[in-house]
Amino acid sequence: MDALKQELKENIIEQLNLEDVSVDEIGDNDPLFGDGLGLDSIDALELIVMLDKDYGIKLTDPKEGKAIFESVEVMANYIAANRTK
Amino acid sequence: MKKEDNFYITSYCSIAKGKLHLNGELLYENDNSDFKEFIKEVYKQQGGKYAKFFKMDNLSKLAFLASDVLLMNENLNSEENDIAIVFSNNASSLDTDRKHQKSIQNKDNYYPSPAVFVYTLPNICIGEISIKHKLYSENSFFIFDTFNAEKLHAYANSLLLNNKAEQVLCGWVNYDEDTYEAFLYLVSKKGTKTHSIKEIITLYTT
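Protein sequence lines correspond, in order, to chains A and B. Under my numbering, the first residue of the first sequence is numbered 1, with each subsequent residue one higher. Under my numbering, the first residue of the second sequence is numbered 1, with each subsequent residue one higher.
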C-alpha cells in the first residue's frame with residue numbers, strides 16, 4: 001500500500017503539473033481539494049482519467065470522485081479494492 | 001485633431017527569441033531552446049507566484065507572462081479594471097490542438113486529457129489574464145496571416161471611441177512548434193507615445 005501511495009503522489013504531481021510541490025509535502029491524509037493541494041474541477045476530471053488509464057477503473061458517475069479523491073489514503077484504498085490492471 | 005489621435009501607447013512588452021523586453025528595456029535573456037524551461041525561468045525570475053501558471057498551455061503561458069509583466073507596472077485596481085483585450089496570432093491554438101488530437105488518435109489508447117482539451121481555443125489565454133487581473137471588459141482574438149497593425153489599431157480605437165473600455169491591451173501572441181512570439185501594448189487616453197499604425201509597427205519591429 002505504501003508503494004501505491006507513493007506512486008499516486010508522483011502521478012498527481014506530474015499529471016496535474018503541480019510545480020514546486022514534492023512527494024514529501026503531500027501527507028497521506030491531506031485533503032486534495034479545498035485547503036489541501038488546492039486542486040480544481042479540471043484536476044478532478046484529470047484524476048478520473050488517471051484512474052481509468054493507470055488502474056482500469058471507470059467512474060460512471062463523476063460525483064463519486066468527491067469521496068474517492070478526498071486524500072491519497074482514500075484513493076489508494078479505493079484503487080487497491082477496485083483496480084483491474 | 002480627430003478623437004482617435006488622443007489615444008496613446010503607454011506601455012509595451014515583448015517575449016521572443018529568448019528575450020523579455022518591457023518598454024524597450026531588456027529585462028531577461030536566456031538561451032534555453034526548450035520553451036517550457038525558458039518560460040518557467042522567465043516567470044520565476046519575474047517573481048511569479050501564481051500556481052495555475054504551470055497548468056496553462058504554451059500559448060497561455062506566453063500571453064499570460066507578457067501581460068503580467070506589462071500590467072504589473074500599471075497600478076491596477078484590486079477589484080475591477082476596465083481594460084479590453086484584443087489579441088491576434090497566426091497559429092491559433094494549433095500546438096494544443098495537436099496534443100489533443102494525439103491523445104484521441106488511437107482507439108485502443110483513447111485517453112483525452114481534460115486539462116489539455118480546455119486550451120483548444122486561442123482565446124482561453126484571454127480568460128487566464130482576465131481572471132488574474134480582474135478584467136471584465138470586451139475581448140477578441142483574431143487570426144491573421146501576419147502581424148496586422150492596421151486592424152489592431154482600428155479595433156482598439158473603436159473600443160475606446162465607443163467607451164467600451166478605458167484602456168485596451170492589444171497585440172500578437174503566437175506559439176507553434178517551439179517558435180514563439182509575444183508583442184503586447186497598452187492603449188490609453190493618457191500618455192506621450194501616440195497610438196498610430198506607424199508607431200505600432202515601429203515598436204513591433206525594433
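Hints listed in this document are in silico derivations from the structure and should not be mistaken for laboratory results. Among the hints, erroneous ones may be present.
What the hints assert, rightly or not - Short, incomplete list of chain B residues facing chain A, as computed with Cβ under 8 Å:
1) G47
2) G48
3) F54
4) K107
5) Y111
6) P114
7) T120
8) L121
Claimed, not checked - With a straight-line cut-off of 20 Å between C-alpha atoms, the simulated SDA-like cross-links for lysine to any residue are:
9) A:K58 - B:P114
10) B:K44 - A:L18
11) B:K49 - A:L37
12) B:K52 - A:A3
13) B:K55 - A:V49
14) B:K36 - A:G36
15) A:K53 - A:N82
16) B:K52 - B:T120
17) B:K49 - A:N82
Cβ coordinates follow ideal geometry from the N, Cα and C atoms, glycine included.
Hint check:
{"no.": "1", "hint": "G47", "in the structure": "14 Å, violated"}
{"no.": "2", "hint": "G48", "in the structure": "10 Å, violated"}
{"no.": "3", "hint": "F54", "in the structure": "4 Å, holds"}
{"no.": "4", "hint": "K107", "in the structure": "14 Å, violated"}
{"no.": "5", "hint": "Y111", "in the structure": "5 Å, holds"}
{"no.": "6", "hint": "P114", "in the structure": "4 Å, holds"}
{"no.": "7", "hint": "T120", "in the structure": "13 Å, violated"}
{"no.": "8", "hint": "L121", "in the structure": "14 Å, violated"}
{"no.": "9", "hint": "A:K58 - B:P114", "in the structure": "15 Å, holds"}
{"no.": "10", "hint": "B:K44 - A:L18", "in the structure": "15 Å, holds"}
{"no.": "11", "hint": "B:K49 - A:L37", "in the structure": "15 Å, holds"}
{"no.": "12", "hint": "B:K52 - A:A3", "in the structure": "28 Å, violated"}
{"no.": "13", "hint": "B:K55 - A:V49", "in the structure": "16 Å, holds"}
{"no.": "14", "hint": "B:K36 - A:G36", "in the structure": "27 Å, violated"}
{"no.": "15", "hint": "A:K53 - A:N82", "in the structure": "13 Å, holds"}
{"no.": "16", "hint": "B:K52 - B:T120", "in the structure": "17 Å, holds"}
{"no.": "17", "hint": "B:K49 - A:N82", "in the structure": "38 Å, violated"}
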